[in-house]
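Chain by chain, the residues:
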Amino acid sequence: MRKMLKKLLAIDKRLLIFIGLFAGIVLSVVTVKTFAYTDSPEFCQSCHIMTSAHDTFADSTHATLACSDCHLPHDTLANKLVFKAKSGLGHVYYNTLGAEKIPNVLIATEGSTDAINQNCIDCHESTLDNVSHDAKDSCSSCHQAIPHGNGFKTEDYFKPPKSGELLENKGGTMNNG
Amino acid sequence: SSSDATTAAEDAKTGLSKDEISNEAFKDLFPLQYDSYQKNAEDTKDTKYSGSVKRSKFDPDKEPYLPVLFNGYGFATDYNEDRGHIYANEDIRTTARITDKSIGSCLTCKSTAVPHMIEEMGDDYWGSSFNDVIWPKAESMGHSPIGCSDCHDPETMDLRITRPSFTKGMEAQGIDTSKATKNDMRNYVCAQCHVEYHFAAENSEVTFPWENGFKPEDMYQYYETTAKENGFKQDFIHNVSGTPIVKAQHPDFETHIEGPHGQAGVTCADCHMPYERVDGKKKISSHWWQSPLKTMDQSCATCHSDRELEDLEKRVAEIQDTHMEGLHKAEDISISSHYYVNKMITSGVSEEKIKEAQEHIRKGQWFWDIVAAESGAGFHNPQGGMKALRVSSDESNKAIQIATEELVKKGVNIEELKEEIEKVKKAVSEEKDNAKKKVHATNSYFPAQQPPPK
Amino acid sequence: SSSDATTAAEDAKTGLSKDEISNEAFKDLFPLQYDSYQKNAEDTKDTKYSGSVKRSKFDPDKEPYLPVLFNGYGFATDYNEDRGHIYANEDIRTTARITDKSIGSCLTCKSTAVPHMIEEMGDDYWGSSFNDVIWPKAESMGHSPIGCSDCHDPETMDLRITRPSFTKGMEAQGIDTSKATKNDMRNYVCAQCHVEYHFAAENSEVTFPWENGFKPEDMYQYYETTAKENGFKQDFIHNVSGTPIVKAQHPDFETHIEGPHGQAGVTCADCHMPYERVDGKKKISSHWWQSPLKTMDQSCATCHSDRELEDLEKRVAEIQDTHMEGLHKAEDISISSHYYVNKMITSGVSEEKIKEAQEHIRKGQWFWDIVAAESGAGFHNPQGGMKALRVSSDESNKAIQIATEELVKKGVNIEELKEEIEKVKKAVSEEKDNAKKKVHATNSYFPAQQPPPK
Ligand SMILES: [Ca+2]
Ligand SMILES: [Ca+2]
Numbered sequence: 001m002r003k004m005l006k007k008l009l010a011i012d013k014r015l016l017i018f019i020g021l022f023a024g025i026v027l028s029v030v031t032v033k034t035f036a037y038t039d040s041p042e043f044c045q046s047c048h049i050m051t052s053a054h055d056t057f058a059d060s061t062h063a064t065l066a067c068s069d070c071h072l073p074h075d076t077l078a079n080k081l082v083f084k085a086k087s088g089l090g091h092v093y094y095n096t097l098g099a100e101k102i103p104n105v106l107i108a109t110e111g112s113t114d115a116i117n118q119n120c121i122d123c124h125e126s127t128l129d130n131v132s133h134d135a136k137d138s139c140s141s142c143h144q145a146i147p148h149g150n151g152f153k154t155e156d157y158f159k160p161p162k163s164g165e166l167l168e169n170k171g172g173t174m175n176n177g
Numbered sequence: 001s002s003s004d005a006t007t008a009a010e011d012a013k014t015g016l017s018k019d020e021i022s023n024e025a026f027k028d029l030f031p032l033q034y035d036s037y038q039k040n041a042e043d044t045k046d047t048k049y050s051g052s053v054k055r056s057k058f059d060p061d062k063e064p065y066l067p068v069l070f071n072g073y074g075f076a077t078d079y080n081e082d083r084g085h086i087y088a089n090e091d092i093r094t095t096a097r098i099t100d101k102s103i104g105s106c107l108t109c110k111s112t113a114v115p116h117m118i119e120e121m122g123d124d125y126w127g128s129s130f131n132d133v134i135w136p137k138a139e140s141m142g143h144s145p146i147g148c149s150d151c152h153d154p155e156t157m158d159l160r161i162t163r164p165s166f167t168k169g170m171e172a173q174g175i176d177t178s179k180a181t182k183n184d185m186r187n188y189v190c191a192q193c194h195v196e197y198h199f200a201a202e203n204s205e206v207t208f209p210w211e212n213g214f215k216p217e218d219m220y221q222y223y224e225t226t227a228k229e230n231g232f233k234q235d236f237i238h239n240v241s242g243t244p245i246v247k248a249q250h251p252d253f254e255t256h257i258e259g260p261h262g263q264a265g266v267t268c269a270d271c272h273m274p275y276e277r278v279d280g281k282k283k284i285s286s287h288w289w290q291s292p293l294k295t296m297d298q299s300c301a302t303c304h305s306d307r308e309l310e311d312l313e314k315r316v317a318e319i320q321d322t323h324m325e326g327l328h329k330a331e332d333i334s335i336s337s338h339y340y341v342n343k344m345i346t347s348g349v350s351e352e353k354i355k356e357a358q359e360h361i362r363k364g365q366w367f368w369d370i371v372a373a374e375s376g377a378g379f380h381n382p383q384g385g386m387k388a389l390r391v392s393s394d395e396s397n398k399a400i401q402i403a404t405e406e407l408v409k410k411g412v413n414i415e416e417l418k419e420e421i422e423k424v425k426k427a428v429s430e431e432k433d434n435a436k437k438k439v440h441a442t443n444s445y446f447p448a449q450q451p452p453p454k
Numbered sequence: 001s002s003s004d005a006t007t008a009a010e011d012a013k014t015g016l017s018k019d020e021i022s023n024e025a026f027k028d029l030f031p032l033q034y035d036s037y038q039k040n041a042e043d044t045k046d047t048k049y050s051g052s053v054k055r056s057k058f059d060p061d062k063e064p065y066l067p068v069l070f071n072g073y074g075f076a077t078d079y080n081e082d083r084g085h086i087y088a089n090e091d092i093r094t095t096a097r098i099t100d101k102s103i104g105s106c107l108t109c110k111s112t113a114v115p116h117m118i119e120e121m122g123d124d125y126w127g128s129s130f131n132d133v134i135w136p137k138a139e140s141m142g143h144s145p146i147g148c149s150d151c152h153d154p155e156t157m158d159l160r161i162t163r164p165s166f167t168k169g170m171e172a173q174g175i176d177t178s179k180a181t182k183n184d185m186r187n188y189v190c191a192q193c194h195v196e197y198h199f200a201a202e203n204s205e206v207t208f209p210w211e212n213g214f215k216p217e218d219m220y221q222y223y224e225t226t227a228k229e230n231g232f233k234q235d236f237i238h239n240v241s242g243t244p245i246v247k248a249q250h251p252d253f254e255t256h257i258e259g260p261h262g263q264a265g266v267t268c269a270d271c272h273m274p275y276e277r278v279d280g281k282k283k284i285s286s287h288w289w290q291s292p293l294k295t296m297d298q299s300c301a302t303c304h305s306d307r308e309l310e311d312l313e314k315r316v317a318e319i320q321d322t323h324m325e326g327l328h329k330a331e332d333i334s335i336s337s338h339y340y341v342n343k344m345i346t347s348g349v350s351e352e353k354i355k356e357a358q359e360h361i362r363k364g365q366w367f368w369d370i371v372a373a374e375s376g377a378g379f380h381n382p383q384g385g386m387k388a389l390r391v392s393s394d395e396s397n398k399a400i401q402i403a404t405e406e407l408v409k410k411g412v413n414i415e416e417l418k419e420e421i422e423k424v425k426k427a428v429s430e431e432k433d434n435a436k437k438k439v440h441a442t443n444s445y446f447p448a449q450q451p452p453p454k
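Chains as they are written, first to last, in my numbering: chain A, 1 to 177; chain B, 1 to 454; chain C, 1 to 454.
Please note that a few of the clues may not be correct.
Result set (BS3-like, lysine-lysine): computed pairs, CA atoms no more than 27 Å apart in a straight line [stated by the list, open to error]:
1) C:K215 with A:K136
2) B:K409 with C:K215
3) B:K314 with C:K215
No lab work stands behind these hints: they were computed from the structure.
Pulled out of the complex, with its shape left as it was, chain A reads as follows:
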């Protein structure tokens, strides 16, 4: 992410507009409503690249949660905001200026995996306390499919194809994750 920022700073004047735009978003968190909105599945999904992450999450056991319940640190509000601004900056940068650099397969960064893991622990503390239940580096080493993992092959794949669907999707709206 740091490398990303460096690159960002090295680019051009559009940067200024960009930062202004993003600062706007961050500042608007003073209203609790916006803050809540930018935490919600609907907001994250508004980026079309998040569709598959959203869809797989939506029929998981964790569907009632907000993305940020897992993806942002919750230890202090300040920490949450900084993290959110940083990764938000990354996401918005990719979707506006750096589209050709978006990786083919989204994989959680090390920083975000750590935050996610701490969130699992925080929620599940009560059932974890009598057993170490921490044999591996992360909960995901065993709970591989929580909450996105069942998504690569949706049920759709195991039904007969729908005629014309490839044509409709020729520009590549399928599996955006």
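Start from chain A and add chains B and C with the ligands according to the hints.
Just chains B and C with the ligands now, kept in the frame of chain A:
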């Protein structure tokens, strides 16, 4: 997913003719996939065991003894590493395996004109002269090498099966391909071509030996029963041992489907056509078919995001190294078995014993060849590949044991025989001209055993 | 993860003595784990290839020819399916493999008293009389069968290594076990016992052959070099072929660590001690070690939640069936090789040729036994197991080829030899009394070859 979309999709049409067979006709409608397809021409890198460089399989770091093992067949003359779909027509035109005796069936998996030719010519297609009839006809039809229309319906872009051999092969196993799921189709379009086949004795039709199943032993059983009953006994008579041999060809589908990925519902397209982001942000299925080891971040990471890709790559290498070591051992025992039986023939051992040994050679060769001909260097099914090699060695060894008993009875010196085998192998491997290697497989000590051509 | 918790953990103490070796002492502190441990006594179901019923490995549906293959060794007399840890002491007391000549080393993996005895007796522990010294001493110390203190530090409950053989074995490979991660420890506590071992020639110490690696070929190389240099040549002389044989034992760790799960960082405890909810709400690590096929929803489903458990179970069965079929074929060829060499001996073939054939028998037997002795029926490493069986068959076949050549030269009738082998196998399999099967392995045609006991 929404039902509105479904209705919309059903009406969608490309505007192309249902008989379109030229890739270029698809270019403007699907520029992203078309461009991706064009990359098949650029990809020219080797991987440890595969890759896309057109070079001889007889190279010292590949399989230098194939000219012995296939002696008496075209595969001992010219056999290359396969490469991109876009080269299919070029490669079939230049291979020395195509002669004036070659037939239409050889074009079956190379050109978009084939389905129409079959429709037009019926069963006459298969046996017609490749050089005189089939190739000129394909050219005049404006065909492409393996192209859009081979896998897609030009009107709707639905995936489809265009080679009747596949439908018949599956039917023989009781599988109705018209009921295929979307997931199935991502295997099936490839399984039209990346499979073991033979030419039916009756009409030279491309035929898949799947009646009893997809495992090497199932297909062997087919060749020992149904195929023989229908008049197909061998692809060639081995020039060293006189054995009737069934040559195995690219059973990628059969191997994959019985392996850990196939059994878990993973398909060819998942690894070989991963989604990729092109043109800024759009996502398409890659149409650049190649070794997935070159694109592990797309091909593997989608499913194995919990593992370090470097570790995973090391793991693949381990699987492949173990596999290739076993393959070379099994080939070596197979080579010996051919020469032991050659010696039986020249030492006047009874027909009956020779036949018995040849049965084992035939089986032994099938079980290593079905693994050598497969393209994943063992990755598509690690345990299954190793099992085939175990069976292969056992069979070749049985032939050697029968031969040893009979040869010693005839007073043959086994030490000398072994030395002569080593000499032949040396001569073959020292020959620099790949096309001439086969010549050194026989000599005055081991005279050729192939019956003169009819 | 939080540093407060760490400090707290460091201060936490059970209040138990650091020398506690009785399971019962842990009962009140850890009732859930203790209860779970007690279930090891209840589990008495078979699975297709394993399970927890104490019955003979010689039963017709298991390995009826082991009395031939281990002829001349205790394993030809009495060898049972293993069962729960709680039975370890009972089973070592009742096995006929324990005789008045048995030594302390045999208790090493059965009793919680062992670490203290080693501390107290030093190297004298290993070679002391099992019946006269070691067992009575363990009883008087109030030991338990494989218990809490074998894997846990009684004061802190930290996982720990209690068997010095493991630490030394890892050191020989340059691995410092004091740097183990938490994940490593979930393999290591099991790897103290579920591994291949032999008794060092010098002092009978339990020794692990890991210097060159964990693969069957690595361990074999160790037995052919370092072990021999240190004076260890064999576990026994085979009574049929006179071959010096190295017996393989339960290499579960070695097999697993080289397999697909081990290489992916999965540990024994992940499958054999899955987290389970007991007592209404609390979660513990299961201490009921058994076949994970009985608890697939805990043992497998968490990681493989994207797959149907039924499909996964079928897949395991396929892997195991393929494996066991190969094992039985390799054993069969090994049996033949022993008898061929027996015939060489009685036919006056040269010492040199006999020795050459015996070398191949030794290697052939090692490579199937290392697979037969492993407990997963192939699941712990499918490709690796199949490779070992391939190598095994090749070696046994080489012995047979050498024998065939020499025997025919001596005028021996090979057909007759084969018939006599079939007769022996029939006699062994028809004998109903498992303990007497071994008697039929030799007869007047195939006289016993073991040197008389010293
Ligand atoms: Ca290639
Ligand atoms: Ca058991």
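Between the alpha carbons of K215 of chain C and K136 of chain A, is the straight-line distance 27 Å or under? Since the Cα atoms of K215 of chain C and K136 of chain A sit roughly 26 Å apart, the hinted pair holds (cutoff 27 Å).
Straight-line alpha-carbon gap K409 of chain B to K215 of chain C, limit 27 Å: Roughly 41 Å separates the two Cα atoms, so the pair is violated.
Straight-line alpha-carbon gap K314 of chain B to K215 of chain C, limit 27 Å: It holds: about 17 Å lies between the C-alpha atoms, which stays within 27 Å.
Hint check: a violation occurs at hint 2 only; the rest are consistent with the structure.
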